[in-house]
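Engineer: As a plain string of letters, each chain reads:
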Amino acid sequence: MIGRRVVALAALALAVPAGLTACADDEPTPAAKAAAPRACPASWKPGWQQLANRVKAPVYCPTWLPSPLDGDMKGPTKNGVSVEPDHSWLASFLWHEPPAQDVHVNFRAYPGRTVIPRCEDTQVVAGKVRHRDIPCFSDAQSPRRVGRFTVTPYTVNQGVDQWHVLYLWRERRSIYTVSQHVAKPTTYRQVVANLDRVMRGLVRVGPTA
Amino acid sequence: MRLTRRELLLGGTAAAALGAAGAYELVDRLTDAPTRHFGEGRAPEQHLLDGLRIADDNGVEIVVPTLHHEMVTATVVPKPGLEEQAALERVLRRLEDEYPGTPDGLAVTVAWGLPYFRRYVSGAAERHLPVDRRASATGRPRRALLDATRFPSDSDDVLLEENDVAFLLRSDSLVHIQEGAKTIFDALDGVLEMTSIRKGFAGGGFDGGPGLPKQLATAAGVPGADLIPDGSELFLGFTSTQKHALGPPRIVNFETLGLVDLGPESYFHGGTHMHLSHVFEDLEAWYLNFDFAERVDTTFRPRLAVEPGTKTVPQPPEKAASPRDVERDFRRFGAIGHSSSMQSTSRLQADVMGADGTLYHKGTAVPQRADFNTLDNPFFWSSRPKRDGMAEGPSAGLHFVVFNPSSDDFHRNRLAMDGVLPDGTKIALEPRARGQGLNSVLRTTHRQNFLVPPRSHRSFPLVEVTA
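Residue numbers (our numbering), protein chains in the order written: chain D, 1 to 209; chain W, 1 to 467.
Warning: the hint list may mix true and false statements.
[Stated by the list, open to error] Derived EDC-like pairs (lysine to aspartate or glutamate); straight-line CA-CA distance at most 20 Å:
no.	chain 1	residue 1	chain 2	residue 2
1	D	K56	D	E84
2	W	K386	W	D157
3	D	K184	W	E392
4	D	K128	W	D282
5	D	K128	W	E392
6	D	K56	D	E171
7	D	K184	W	D282
To be clear, the hints were calculated from the coordinates, so they are not data collected in a lab.
Using the sequences and the accompanying hints, generate a full structural model.
Structural biologist: Set out below in structure tokens:
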């Protein structure tokens with residue numbers, strides 16, 4: 001029932017499982033509590049700069065992602081970047097360990113748009129395909145201040161953000177989001193702590209071309 | 001507040017488990033039991049609990065459930081006689097002398113399963129077990145107490161239990177429940193052999209605060225616990241004990257609605273039927289996949305206009321859904337509401353003059369729910385851990401307890417929940433389809449039906465007739 005892009009990265013499973021199993025408790029990981037650098041990491045910057053140039057709008061480069069992800073758009077945990085004709089974009093990072101463990105973070109933005117986008121929900125009921133037009137992000141929780149941003153957490157989301165907790169903020173008449181999948185071994189509480197850490201480490205990257 | 005490992009561990013021996021509170025001890029730490037000790041008279045009906053407070057939420061009257069619940073099931077070891085009957089009655093009366101039958105005291109309901117009637121008092125049972133007139137109308141006579149069955153949304157591995165007896169203990173005091181259960185089983189040592197202990201809680205948030213389900217699930221680290229709305233009566237976020245959704249006190253008595261033929265001597269007059277099941281609840285799936293509107297749609301009725309964050313959704317008699325409403329909703333929205341689908345069987349379809357002289361109006365609810373949330377996995381203790389699928393660690397669930405006038409009446413309601421309506425309409429939903437909302441996040445593990453005799457015959461019923 002959940003349509004989620006899953007990429008198995010078996011090599012990583014050998015290299016970095018400890019970072020995941022350490023998250024078994026509900027407390028934020030020690031790494032999540034550490035201070036984040038204030039510049040887009042050099043090896044990650046080219047991809048984010050290229051994205052900003054492509055959409056002709058600022059993007060936010062992460063300086064920290066939950067282990068074992070990194071924000072290198074050409075790195076081993078990249079899960080794809082897509083840009084729509086209206087310049088809305090999705091950058092996804094995924095680590096998957098069979099059979100069912102994954103760490104999945106999505107970044108999105110909708111330049112020039114402040115209204116929650118709509119998604120098509122398709123269900124087969126009694127053999128009949130039913131389409132519904134629904135908000136892509138719903139069940140908004142109380143807005144919170146995280147670092148420099150005022151974010152609204154959304155707990156029920158669609159498409160590749162399904163079963164994710166999603167933070168949304170508006171800036172310069174645009175919507176930005178970051179979300180993480182609530183999936184073993186990561187609990188809801190850890191996801192919230194991780195998203196807080198991601199938000200505190202975001203660095204703005206403006207278009208240069 | 002986090003639970004220690006010791007608090008999360010399962011009980012060892014039956015006796016130790018009976019006296020242990022485990023995670024549930026937190027209920028007493030997290031809440032002040034309200035004083036609600038009045039009207040100490042004991043009704044002839046065992047299933048009625050006196051002194052329940054009525055609260056108000058969203059302008060809707062709510063029957064405030066007791067904080068603590070415990071169900072202890074057992075088998076009867078030797079063939080019981082008058083001596084055993086007297087012993088059980090003695091201990092139950094002792095508890096009644098000791099505690100008022102109100103939430104601040106202790107309510108004990110004794111219910112008997114078909115294995116008891118078949119094994120020990122079969123001749124008398126043949127004569128005295130009530131017959132369900134409605135269920136018998138089209139064929140052979142059917143008793144008011146039937147073996148439990150699996151329903152369309154049940155998986156094949158749902159265990160249909162065969163306990164002889166079940167003791168339901170309800171109180172705002174955990175100590176009263178522990179002492180009550182221990183007193184009964186100490187006194188009947190060698191007669192009753194415990195098969196399971198099931199514990200749980202409900203409410204605790206009607207006067208503000210997060211409420212017990214959220215506090216306990218969070219403390220236990222249950223996935224999705226943080227997403228339970230503050231003040232929820234139950235894990236799934238909505239109030240289930242609003243007055244209009246519960247049957248009035250005596251409506252589930254065998255004799256009240258005329259559904260049941262009590263037989264030549266009306267031995268079980270004042271008795272009723274109880275269904276007991278255990279259901280796992282996937283809280284993360286519920287709160288991360290269904291937004292508030294869809295949770296309302298599938299819990300109550302599709303496209304019902306409800307203010308976000310509402311926990312108590314009015315369900316007055318005049319708004320009760322008919323089978324036609326349910327079918328129409330499904331055609332339009334591809335979904336059915338849990339409540340509305342069942343209202344076609346759980347609410348009176350016409351005014352009924354009850355045997356107790358009360359006029360029950362069309363739309364009045366019949367079932368009386370006594371269910372409670374649990375962290376048992378699936379039970380607090382089991383004498384057959386492998387068979388019952390006992391697992392370590394807490395798990396969100398529900399011990400579903402409901403009183404109906406007969407097994408068939410419960411079965412009709414449960415079938416309607418799966419889209420099999422009383423007028424023969426079958427909603428074409430796949431078992432546990434998303435359009436069934438609640439059903440898609442629930443997994444039933446155990447079921448059994450019981451007969452609840454009137455208080456006067458609660459102890460080894462029919463033994464004196466057989467003797």
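Engineer: For the pair we were handed, D/K184 and W/E392, check the Cα-Cα distance against 20 Å.
Structural biologist: Roughly 17 Å between the alpha carbons, so the hint for D/K184 and W/E392 holds.
Engineer: Sort out whether W/D282 lies within 20 Å of D/K128, counting only the CA atoms.
Structural biologist: It is violated: about 27 Å lies between the C-alpha atoms, which goes past 20 Å.
Engineer: Could you grab the alpha-carbon distance between D/K128 and W/E392 and see if it respects the 20 Å cut-off?
Structural biologist: Violated - the C-alpha atoms of W/E392 and D/K128 are around 41 Å apart, more than 20 Å.
Engineer: Hint check: W/K386 vs W/D157, CA-CA at most 20 Å. Holds or violated?
Structural biologist: holds (13 Å)
Engineer: Would the pair D/K56 and D/E84 pass a check requiring their Cα atoms to be no farther apart than 20 Å?
Structural biologist: holds (12 Å)
Engineer: Taking 20 Å as the top limit, are the C-alpha atoms of D/K56 and D/E171 close enough?
Structural biologist: Within the cut-off at roughly 15 Å; holds.
Engineer: Run the distance test for D/K184 versus W/D282: straight-line Cα separation, threshold 20 Å.
Structural biologist: holds (14 Å)
Taken one by one, the earlier hints fail for this structure at numbers 4, 5, listed in ascending order.
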